[in-house]
Amino acid sequence: MLQEFIIRFLVGGAIVSLFAVLGDLFRPKSFAGLFGAAPSVALASLGLTIAKYGSGLAATEGRSMMVGALALCVYSQAVRWLMMRYKLHALVVTLLSIFLWLGISFGLWFILLR
Amino acid sequence: MSVDIKLAALRETKWYEFAVRFVFGGLVTVLAGVITEQFGPVVGGLFLAFPAIFPASATLVEKHERQKQEKQGLPTKGERRGREAASADAAGAALGSLGLLAFGGMVWWLVPRFPAWVVLVGATLAWCGVSLLAWNIRKKL
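The listed protein sequences derive, respectively, from chains A and B. For what it's worth, the working numbering labels the leading residue of the first sequence as 1, then goes sequentially. For what it's worth, the working numbering labels the leading residue of the second sequence as 115, then goes sequentially.
Check the hints yourself; a few may be wrong.
Computed beta-carbon distance windows for the label pairs [stated by the list, open to error]:
#, chain 1, residue 1, chain 2, residue 2, range
1, B, L239, A, Y53, 20 to 30 Å
2, A, L22, B, L141, 29 to 39 Å
3, B, V117, A, Y53, 36 to 46 Å
4, A, G56, B, K191, 28 to 38 Å
5, A, L96, B, K182, 23 to 33 Å
6, A, V21, B, E198, 20 to 30 Å
Here are some chain B residues the structure puts well away from chain A; computed CB gaps all over 10 Å [unchecked claim]:
#, residue
7, Y130
8, A172
9, Q186
These aren't lab readings, by the way, just hints derived from the structure by calculation. From the three backbone atoms N, C-alpha and C, an ideal C-beta is built for every residue, glycine too.
If we strip away everything but chain A, and leave its shape as in the complex, we get (with noise of 0.2 Å):
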C-alpha cells in the first residue's frame, strides 16, 4: 500500500510539474492558462488504476471526470470574476473556490451519477 501511493505520489508530480512547466513557457498568459486544466493528475490516477484493477472502473472514472470538468470550468469563471471584481489576491480566492468545485462537482454526482 505504502508502495502504490509513494509511485502515484512520484508519478503524479511528474505529470502535473511537466504541465505546469509548459504553462510557464507560453504567451500569452490566457494560452498558458490552458495547461492549468490538462489532464496531469488524470494521466497519472488513470494508468495506475488501468494497471491495477483494468479498464472497467478507468472507464467509470473517466465519465466521472467530465462532471469534475464541467465544474472546473464553472470554477476557473468564478476565480477570474471573483480576483477582477473585489480586487482580491490569486491564493485567497483560489483556495475558497475550492469550495465551489466541490459543491458543483458533488451537486452533479448527486443529480447525474449516483
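Got chain A; can you put chain B on it based on the hints?
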C-alpha cells in the same frame, strides 16, 4: 495575439516553486487514489478534474507579474497587472476544462474497446485539440 514560447520564463521560477507544484501534484494524485479506494470510481473520478495545481500556478503568475512591475518602479500598477495576469490564466483554465471534458469522454467511451495507452494518448490529443479550438474561438470573439 500570437502564441510565443519564452524560455527565459523558466529562470523566473525558483526551485521551491517547482517543488511546491510537484508536491501538490503528487498529493492530489494520492488523494484521488485514496478516494477511489474508499468511495469507488464514481466519486474518485470527480477528483481527476480537481484544480490540483491551479492555486499554485495562478499565485505564481500573479507574483511574477507584480515583481516585474515593482522592478520597474510601479508598485501600484504591479498589484493590478498581477491580478489581470492571474485572471487571464483562469480564463485559459476555463477553456482548458472543455478539453478536459473531451478527455474524460474519450476515456469513458474508448477505454473498454482499445488498448489503454492508445486511449490515453488519444484522449490527451483530444484535450489539446479541443482546448486549442476553444482558445481560438474565444480569441476571435
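Comparing the hints with the structure gives:
no.: 1; hint: B:L239 with A:Y53: 20 to 30 Å; result: holds (24 Å)
no.: 2; hint: A:L22 with B:L141: 29 to 39 Å; result: violated (20 Å)
no.: 3; hint: B:V117 with A:Y53: 36 to 46 Å; result: holds (39 Å)
no.: 4; hint: A:G56 with B:K191: 28 to 38 Å; result: violated (54 Å)
no.: 5; hint: A:L96 with B:K182: 23 to 33 Å; result: holds (26 Å)
no.: 6; hint: A:V21 with B:E198: 20 to 30 Å; result: holds (23 Å)
no.: 7; hint: Y130; result: holds (13 Å)
no.: 8; hint: A172; result: violated (4 Å)
no.: 9; hint: Q186; result: holds (18 Å)
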